[in-house]
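A.B. asks: Read the sequence shown against our numbering and you will find it ends at 297, with the numbers running on by one and no gaps.
Please keep in mind that the hints were generated in silico from the structure rather than gathered at the bench. From the three backbone atoms N, C-alpha and C, an ideal C-beta is built for every residue, glycine too. A couple of the hints might just be wrong.
Claimed, not checked - Derived DEER-like restraints, expressed as beta-carbon distance ranges:
id, residue 1, residue 2, range
1, H19, F83, 39 to 49 Å
2, A42, T73, 14 to 24 Å
3, G101, A42, 38 to 48 Å
4, G23, R87, 48 to 58 Å
5, G185, G286, 30 to 40 Å
6, E270, R247, 32 to 42 Å
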Amino acid sequence: MSSLPSVDDLRLIEAVARHGSLGAAGRELMISQPAASNRLAALERRIGERLFDRDTTGARPTAAGRALCHEATHVLGHLEAIFDRTRAAAQSRTLTVGTFGSLAPWLFPALDDLVADAAVTQVVDHGDRLVAWVGEGSLDAAFVAIANQLRLPATVGAVPVAVDRLAVLIPPGVTIGRGRHPFAGRTVVTYTYDMSTEALHRRLSELGGKPRTAATAETAVRLARKLGCPAVLPRGLALAYAAPGERVTAAAVTGRLTLYMVTTRPTPPEFAPLTTRLHAHLGLDGPLAAGAVIGRD
Numbered sequence: 001m002s003s004l005p006s007v008d009d010l011r012l013i014e015a016v017a018r019h020g021s022l023g024a025a026g027r028e029l030m031i032s033q034p035a036a037s038n039r040l041a042a043l044e045r046r047i048g049e050r051l052f053d054r055d056t057t058g059a060r061p062t063a064a065g066r067a068l069c070h071e072a073t074h075v076l077g078h079l080e081a082i083f084d085r086t087r088a089a090a091q092s093r094t095l096t097v098g099t100f101g102s103l104a105p106w107l108f109p110a111l112d113d114l115v116a117d118a119a120v121t122q123v124v125d126h127g128d129r130l131v132a133w134v135g136e137g138s139l140d141a142a143f144v145a146i147a148n149q150l151r152l153p154a155t156v157g158a159v160p161v162a163v164d165r166l167a168v169l170i171p172p173g174v175t176i177g178r179g180r181h182p183f184a185g186r187t188v189v190t191y192t193y194d195m196s197t198e199a200l201h202r203r204l205s206e207l208g209g210k211p212r213t214a215a216t217a218e219t220a221v222r223l224a225r226k227l228g229c230p231a232v233l234p235r236g237l238a239l240a241y242a243a244p245g246e247r248v249t250a251a252a253v254t255g256r257l258t259l260y261m262v263t264t265r266p267t268p269p270e271f272a273p274l275t276t277r278l279h280a281h282l283g284l285d286g287p288l289a290a291g292a293v294i295g296r297d
């Protein structure tokens, strides 16, 4: 015999405590009074404690009985909600969405507003992996800036959803020169979320700078503050991280960054509104100038 109480045991304890009578509890549970009495006696033997003081006036719980009744009420309440929770889970929608680390703190709160009728499972990784996972079906969508620089899986398309440009974040006390070499002799920390780092560093070197790559936008900003130098990064992220007294100006290096939403084709209906609404939530420009859908027909 199992040492665990059965659901029927718990129902009996709760009913006897509530009615104060084995007979009334038996009638509710549709068992005879002798059967209820035998079940209660067997349970008391297994526990090794008397659970109710019984006489001709009824059944009154002992300290052990009150404790067991409290536990029984809790467990039965939890069990009664199982089917409701199971139905709710079956009816709810869960979307698995991935993006790169620097965008995650802004993208996922925006999605919480824009797809409020679905739960979003958050995934952070490199853009090429995220795109591959969309193709495999383990991600519903990926938000990356390198979709136009990758060979997309045949079943996947990429839609531009926002446009950003490079900017310079300038900590207090840091100055930038004028003319042909505004970064002359100065370290310039850089972060960009597409594959243009090499071209960016080459141009910064031509402007006299000593480029230094940061792993994330936050790292770039923190390094710039620590080293007392400018940081070149996407304008939206620069504005998000800028502290009081720091300036964000147009970069001497031109560069447009396009954020793409990668999904299976055609775009699933739950993601379609993001093509026109996401950019405003991220504080970026709209996608109209970024081009058409990427992906084979």
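A.B. asks: State for each hint whether it applies.
C.D. replies: Hints, one by one, checked against the model:
{"no.": "1", "hint": "H19 to F83: 39 to 49 Å", "in the structure": "26 Å, violated"}
{"no.": "2", "hint": "A42 to T73: 14 to 24 Å", "in the structure": "21 Å, holds"}
{"no.": "3", "hint": "G101 to A42: 38 to 48 Å", "in the structure": "60 Å, violated"}
{"no.": "4", "hint": "G23 to R87: 48 to 58 Å", "in the structure": "36 Å, violated"}
{"no.": "5", "hint": "G185 to G286: 30 to 40 Å", "in the structure": "39 Å, holds"}
{"no.": "6", "hint": "E270 to R247: 32 to 42 Å", "in the structure": "39 Å, holds"}
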